[in-house]
Structures are given as C-alpha cells and as structure tokens.
Amino acid sequence: MSIKQIDAARGALTDSDIERIRSEFPCLQLHRHGKRLVYLDNAATTQKPRAVIDALSRYYEGQNANVHRGVHYLSGVATDLYESARKRIKEFLGAHLVCEIIFTRGATEGINLVAQTFGRQRVRVGDEILISAMEHHSNIVPWQMLCEEKGAHLRVIPMNDRGELLLDEYEALLNERTRLVSVVHVSNALGTINPVRQIIEMAHARGIPVLVDGAQSAPHMPINVVELGCDFFVCSGHKMMGPTGIGVLYGRAELLDSMPPWHGGGDMILSVTFEKTIYNGLPQKFEAGTPHIEGVVGLAEAIRYLEGVGMGRIAAYEAELLAHGTHVLEAIDGVKLIGTAREKAGVLSFVMDTTHPHDIGQLLDEEGIAIRAGHHCAQPVMQRFGIPATARASLAFYNTREELDLLGKALLKVKKMFG
Amino acid sequence: MSDEAKKRTLYEQVILDHNKNPRNCRVMANASCRSEGFNALCGDQFTVFLKLEDDKIVDVSFQGCGCAISKSSASIMTTVLKGKTKAEAEALFARFHDMVTSEPDAPAPPGDLGKLEVFCGVREYPVRVKCATLAWHTMIAALEGKKEGTQI
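Here the protein sequences come in this chain order: D and C. Add 9 to the 1-based position in the first sequence for my numbering, that's all there is to it. Add 2 to the 1-based position in the second sequence for my numbering, that's all there is to it.
Since the hints were made in silico from the structure, they are not lab data. Hints are supplied without guarantee of correctness; some may be wrong.
Derived DMTMM-like pairs: lysine to aspartate or glutamate, alpha-carbon spacing no greater than 25 Å straight-line [unchecked claim]:
1. C:84 to C:55
2. D:424 to C:146
3. C:22 to D:374
4. C:58 to C:100
5. D:422 to C:14
6. C:86 to C:56
7. D:44 to C:126
8. D:422 to D:374
9. C:22 to D:376
10. C:22 to D:375
11. C:117 to C:100
12. C:84 to C:61
13. C:58 to C:146
14. C:53 to C:38
15. C:132 to D:376
16. D:425 to C:19
Extracted from the complex, chain D is given alone in its bound form (with noise of 0.2 Å):
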C-alpha cells in the first residue's frame, strides 16, 4: 500500500488531533506579551515534540559511546541506535538501500558536498551547471565556488511572476555541457512546488544527473527518491522536527561509489600507512570523523514522529492551512503575495504598501506571532521581483485556522498604525 492509500484509510486530521498535537510541543505552550505563542516561522526552522527531545536525554541518559569502535556493551548500543536510524531514513524517503543515506550537518553540507567531489571531478573548463531563479543562497554558493575553481559556467532556469519556472527555457538551456541541473523542491522564499519528476525527466533523457534540494519538500509531503528519479537528494533535520546540526544526502549508490571522499579522517578509512590509505565503503566513505549521533537519534525519532502524524495527512492539511491562509491575506487591501504558484506549499511570502517587512515583522512578535522578515537567504528571488525583502508566515501541521486569523487581525493593526 501506498503512504497516499494508508493516509486515506486513516482519514484526514481532525481538529482534536491537532489539538493533542500541539500539547506535544513544548514551545507551542509558551506565551509572549500575555498572549500563547503563534509560530510561523517554520521554514525557518520547526518545533520538536516531546518525544525528540525525550530522546536526546534518553541518549545522553543510557545510550552514549562512540559508533563503529569498541567492544563494549554502549558502543553496540549506541551503533545500533544510529545504524537503525539511517535504516529508518532509508524507508522514509524511499531509497533503494541504506548504503545510500548520508549523514550531513544539514541540507547545505549535502549541497557542498556533491559540489567538492561529484563537482570537482567531472567539471571541466566551458562545462555547465543548471540551477534555478528561486534557489536558496544554499543552492547557489557552492557551485559558484565550483565554477570559479573550474572555469565553468553556472545557468539558471528562468521563472514568470507567479513563482513558476519556465519549463521550455529550461529545456533550451539543457545541452551537451550540462553536467548536474540542482533544483529546489520547495522554495522556501515563495513556496512554489517545482515539477521536480518532470525537471528529471528532461535532464535524464540528455544524460544528465539531478541534485533535488528538499530541505522545504522532506518536512511537508511524502518523499520517494527512487519515484522521483533524483540521482541527490538532501534535506535538514531541525525542518523535519529534529535536532540542528544533522542532515541527510541521498544519493545514487553508483554515483555516490565512482565518488571521490571529502574529508579525510577516522570511520572513513579501511586502513592507513603513511604510504597508502585505503577508503572505506558506502555510507562510511563520506562520514569522517565521529558523527553527530544524538542528532542522528533525533532525526530518527522526529521521523517515527512524522510517520506516525502520517506524511500524506500533513500534506492534505497544510494545503487547507495554507488556502485559509492565502484568504487571509488577500482580503486585507494593501498586501500583496510574493509567490502565487498554482502548485504550492505552506509559505505565505508577502508586503505591506504602508509597511517594511522588518517593522511588519516587529510589530507582530508584539502580538505574539513569530514570522520572519527578510530575503529569506535567497536575494535573487527578492532581486527578480524587485523588493528588497518580504515578511514570511511559514507553516507546519501543528498550525491552526484560529493561528492565521490571528495573523489577519494583526496585520489590521499594523494598517492602521502605518496608514
């Protein structure tokens, strides 16, 4: 059975499983100027429920020794706790085998990665890389420093003023130079879902490898690597309920074994002389060092966490979240939203005539409501439509109605002062 047949035979989330659901949240009871906190910065980051705090304790309680060393009772424990967690992520984003997840410290290390040894090897001097005009600085940075290093050239795939990429210049900008196209799922500065199955499509029928950022896309929908068809794929844990600090790379286990290491040091080696040094296998060849394991175990759990809310109900619930939000905010004259994709997820990226997103964003923590207020680390989505930042409500599925009504009458208020 599919994630979308399962979650149908659950039945869609009630308001009472909402409600059980923010008791598991420590944050969600916290309370500012007299009023319960409203979060909608989860783009940004999310909050951790009960049970991934728990399980860092638990870890540091019972569980700690270092992985893949001694003999000892903890350090089994401990290496099945994180060997257990990677299988777990396996299942969670579909992947064929769990030689095939990588531990990163987020969505960016997983980026730079490919770009230090998938890059480096096979770019050469007039060689191609294909990005998009809604990348996060992330996605954009690392294959900048890549070209440079190589003397190659960086594309980026155009989009029109809803927020949507233009899939026939991205098909002209496909060539025999290309050598990695590198596309956000979601964007985190406009919410657009990209057609990343179909983006794939058309770079594999040239023959060229796609790297699918999903730092926005993992936390929010169902994922399945090998039915998209990405030869990468990368996403941040504290987006998905987890820890700061721990990510994951997805890779093609043919890829990633003709790649070179990355950092050189301890678990990535089979074995050393100051001669030769032989390279560990799959996944160790690309986790130096001894890795971030409570953050591992707390990726696990927030993945157990998801899973059990189910990934498809998210999914159903955060659209109706986000057409009640879109209501909102179009009925107040005045503000206008950045980002109006016909395929979107959870973010409301917006500006005020009378009122800078900064202040926007003041005045609201004011009222208890936390968004963001900036260029979101993407400062060629705010260059393309010619603003210097937009205020952002980003949301997750603990979120209400209730929440972005809130969000309405308070931007009534900011009107009014700025008016």
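Assemble chain C onto chain D, guided by the hints.
For chain C alone, kept in the frame of chain D given last:
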C-alpha cells in the same frame, strides 16, 4: 513599562511621520561627498549626500529604502546636521549611538539630544540598533571620503 507602552516608544508618532513623509529625501547633484550604506541582514540601503563649505555641513540629503526605523532615522538626521561642523556631527553621532545602545533601564537621556530622543525606545530592541544607526554610519563614511560606503 507595559508592553503596549514599549511598542509606542519604539514607533513614536514622530518616527511614523518621518517614515511616511521623509525630509531631504533627494539626490544632491552638487554634493561634496556621498556614501552608500547597507544593512546586509535586512537589505536596507541608503545613500547619504553632504555639501560642505570649509568644515561646515551646509546641506545634507539621503535616498534609499529601509524599514520605518532606518528611514525615519535618516530623515531626522538630515534635519539636525545642517550648520554643524564635521567634529560636531561626529560628536552628535557618538552621543546618539550611546543612547540607542544603552541598557534599557539606564537613565533617560539628559534632554540635550533634541529630536533624536524619539529613538530612545530602540535600546529596548537591540536588533534594531543597526536600523537606527545605518544612515549615521553612512554619513560618517561620507565625511571620511569612503564612497563605497559601509556595511553594518
């Protein structure tokens, strides 16, 4: 102080007024010096223009975009600098800077900062200090002849 009162002290009516109707917001064709300042954190960007005669500031203007705090600070700054010498402008900025970076429970300013005292509330909000001081840093950079300006 209640939260409601704090909010009013950050967004004083004078600040909202200068945000809506900024003074001296124009390009100065015959400026003696100019500089461009950025706040990388939020994308604010201002150019400050100065016309000097001998050591005296005889005209000052600005252009750019930013939040209400940064824009009104630039606007109010242009209204207080005319007629000041370089040294007086620098001394005024030093005192303004001291006020917005003082502890929230520090005594109120002695009352000789005039119009600039509407920014006293900024000290309650350390992340907004850069907003309030961007135009001032840019003005100092212009006086020092740094056209490329300043990043804060």
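Comparing the hints with the structure gives:
1. The suggested pairing of residue 84 (chain C) with residue 55 (chain C) holds, with an alpha-carbon distance near 11 Å, which does not exceed 25 Å.
2. Annotation: proposed proximity of residue 424 (chain D) to residue 146 (chain C) is violated, straight-line Cα distance about 40 Å (limit 25 Å).
3. The straight-line distance between the Cα atoms of residue 22 (chain C) and residue 374 (chain D) is roughly 22 Å, inside the 25 Å bound, and the hint therefore holds.
4. Distance restraint check for residue 58 (chain C) and residue 100 (chain C): the Cα-Cα separation of roughly 24 Å lies within the 25 Å cut-off, and the hinted pair is therefore satisfied.
5. Annotation: proposed proximity of residue 422 (chain D) to residue 14 (chain C) holds, straight-line Cα distance about 15 Å (limit 25 Å).
6. Taking the CA atoms of residue 86 (chain C) and residue 56 (chain C), the gap is about 11 Å. The hint holds against a cut of 25 Å.
7. Distance restraint check for residue 44 (chain D) and residue 126 (chain C): the Cα-Cα separation of roughly 20 Å lies within the 25 Å cut-off, and the hinted pair is therefore satisfied.
8. The straight-line distance between the Cα atoms of residue 422 (chain D) and residue 374 (chain D) is roughly 13 Å, inside the 25 Å bound, and the hint therefore holds.
9. Only pairs whose Cα atoms come within 25 Å are accepted, and residue 22 (chain C) paired with residue 376 (chain D) is accepted, the gap being roughly 23 Å.
10. Of the supplied pair hints, the one linking residue 22 (chain C) and residue 375 (chain D) holds, its CA atoms being roughly 22 Å apart against a limit of 25 Å.
11. Note on residue 117 (chain C) and residue 100 (chain C): the hinted pairing holds, with a Cα-Cα distance of about 15 Å set against a maximum of 25 Å.
12. Between residue 84 (chain C) and residue 61 (chain C) the alpha-carbon distance is near 6 Å, which keeps this suggested pair within the 25 Å criterion.
13. Of the supplied pair hints, the one linking residue 58 (chain C) and residue 146 (chain C) holds, its CA atoms being roughly 14 Å apart against a limit of 25 Å.
14. Under the criterion of a C-alpha separation no larger than 25 Å, the hint pairing residue 53 (chain C) with residue 38 (chain C) is consistent with the structure, at around 15 Å.
15. Restraint check for residue 132 (chain C) and residue 376 (chain D): satisfied, since their Cα atoms lie roughly 23 Å apart, inside the 25 Å limit.
16. Of the supplied pair hints, the one linking residue 425 (chain D) and residue 19 (chain C) holds, its CA atoms being roughly 13 Å apart against a limit of 25 Å.
Going through the hint list in order, the structure does not satisfy hint 2, though it satisfies all others.
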